[in-house]
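A.B. asks: Below, each chain spelled out in residue letters.
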Amino acid sequence: MSLFSIFDIAGTGMSAQSVRMNVTTSNLANAESASSSVEKTYRARHPVFGVLMNNLDMSRDKDVAGVRVLGVVESQAPLRMQYAPDHPLADEQGNIHLPNVNVVEEMANMISASRSYQNNIEAITTAKQLLQRTLSLGQ
Amino acid sequence: VPINLDNAFGIHPTALALRAKRMEVLATNLAHADTPNYKAMDIDFKSVLAQANAENSSVMLRATHQNHLGPSGRDSGAGESLYRIPYQPAIDGNTVDTQIEQAEFGRNAISYQASLTFLNGRIRSLLTAIKGDSQ
Chain X
78 MSLFSIFDIA
88 GTGMSAQSVR
98 MNVTTSNLAN
108 AESASSSVEK
118 TYRARHPVFG
128 VLMNNLDMSR
138 DKDVAGVRVL
148 GVVESQAPLR
158 MQYAPDHPLA
168 DEQGNIHLPN
178 VNVVEEMANM
188 ISASRSYQNN
198 IEAITTAKQL
208 LQRTLSLGQ
Chain R
4 VPINLDNAFG
14 IHPTALALRA
24 KRMEVLATNL
34 AHADTPNYKA
44 MDIDFKSVLA
54 QANAENSSVM
64 LRATHQNHLG
74 PSGRDSGAGE
84 SLYRIPYQPA
94 IDGNTVDTQI
104 EQAEFGRNAI
114 SYQASLTFLN
124 GRIRSLLTAI
134 KGDSQ
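Going line by line, the protein sequences match chains X and R. Our numbering applies: residue 78 is where the first sequence begins, and numbers increase by one. Our numbering applies: residue 4 is where the second sequence begins, and numbers increase by one.
Hints are supplied without guarantee of correctness; some may be wrong.
Have a look at the derived ranges for each label pair, beta carbon to beta carbon [as the list claims (entries may be wrong)]:
| no. | chain 1 | residue 1 | chain 2 | residue 2 | range |
| --- | --- | --- | --- | --- | --- |
| 1 | R | Asp95 | X | Gln216 | 24 to 30 Å |
| 2 | X | Asn107 | R | Ala117 | 20 to 26 Å |
| 3 | R | Gln116 | X | Glu116 | 25 to 31 Å |
| 4 | R | Asp136 | X | Met130 | 52 to 58 Å |
| 5 | X | Gln216 | R | Gln102 | 32 to 38 Å |
Stretch-level coverage of chain X by chain R, calculated; a stretch enters the list once three of its residues show a Cβ under 8 Å from a Cβ in chain R [to be verified]:
| no. | segment |
| --- | --- |
| 6 | 142 to 149 |
| 7 | 153 to 165 |
| 8 | 196 to 204 |
Note that these hints are calculated values from the structure, not bench results. For every residue, glycine included, the Cβ atom is placed at its ideal position computed from N, Cα and C.
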């Protein structure tokens, strides 16, 4: 019964979106984590999604595959530098380095992840209802 | 009139199976709404159903020699999933339009329920025929 694999597919989608949500939260939480050198500064992270192949029993169908997180990449955007000689982490020139997290972008990311998560839940709910109606066929 | 139970349900079991299959494909599209380079897919329901129905009902050519070719419809790939033509492709190569996919998903769910209702009707009339009582 192919309706069952919707649970698997939407499940992988939900888990991928929750990874994205986690990473976004981490970015937002560290948006102001200052440090004294470029190397030690937190960089914004973003997950990259890909197609999950050769896994689960649904792989027999090439057009039906789940989502998988290929990896989390760090943003290469320039870090923010701020002149703050009184800051305990300031370097010799009196500068502190701040992460390259774009808070507005992260908020948009979070809303997008939340919407996609909801879409997957909706698909699961519909599949569940249809399965239940199929089970009660002829009663 | 003798009832052939194989044909008693008509087109509906095939339609139901295809609806479930299409549902799966649409759910995959929804799950991949944010996957770069993912291309949204769909099933051409009408042609696949016509094909499945033809295979079920019509007289098939029998291959009596190993060099005989199969019926043309089966190998033509008409039952394959097709890529959706995007209205507005994203810059990352993704062609899933969540709104369209959701609309199609909803419509497909309703059609699935319609098939279920038809099947229920058939079952009920068969039961009435078997029991013979008019309540």
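A.B. asks: Range first: 32 to 38 Å. Now tell me if the beta carbons of Gln216 of chain X and Gln102 of chain R are that far apart.
C.D. replies: Cβ of Gln216 of chain X to Cβ of Gln102 of chain R: about 36 Å, so the range 32 to 38 Å holds.
A.B. asks: Regarding Asn107 of chain X and Ala117 of chain R, is the given constraint of 20 to 26 Å on their beta-carbon distance met?
C.D. replies: At roughly 51 Å between Cβ atoms, Ala117 of chain R and Asn107 of chain X fall outside 20 to 26 Å, so the hint is violated.
A.B. asks: If you check the beta carbons of Asp95 of chain R and Gln216 of chain X, does the distance land in 24 to 30 Å?
C.D. replies: Hint violated: Cβ distance 47 Å, outside 24 to 30 Å.
A.B. asks: If you look at each residue in the segment 196 to 204 of chain X, do at least three have a Cβ nearer than 8 Å to any Cβ of chain R?
C.D. replies: holds (count 6)
A.B. asks: Tell me if the beta carbons of Asp136 of chain R and Met130 of chain X are separated by a distance inside 52 to 58 Å.
C.D. replies: With a Cβ separation near 55 Å, Asp136 of chain R and Met130 of chain X satisfy 52 to 58 Å, so the hint holds.
A.B. asks: Tell me whether the statement that chain R covers the segment 153 to 165 of chain X is true, taking a Cβ distance below 8 Å and needing three residues at minimum.
C.D. replies: Not satisfied, violated; 0 residues make the cut.
A.B. asks: Note whether the CB distance of Gln116 of chain R and Glu116 of chain X lies within 25 to 31 Å or breaks it.
C.D. replies: Roughly 59 Å apart at Cβ, these two residues miss the hinted range, so it is violated.
A.B. asks: Closer than 8 Å Cβ to Cβ for three or more residues is the test here. Does the segment 142 to 149 of chain X pass it with chain R?
C.D. replies: holds (count 3)
Checked against the numbered hints given earlier, this structure breaks hints 1, 2, 3 and 7; the rest are met.
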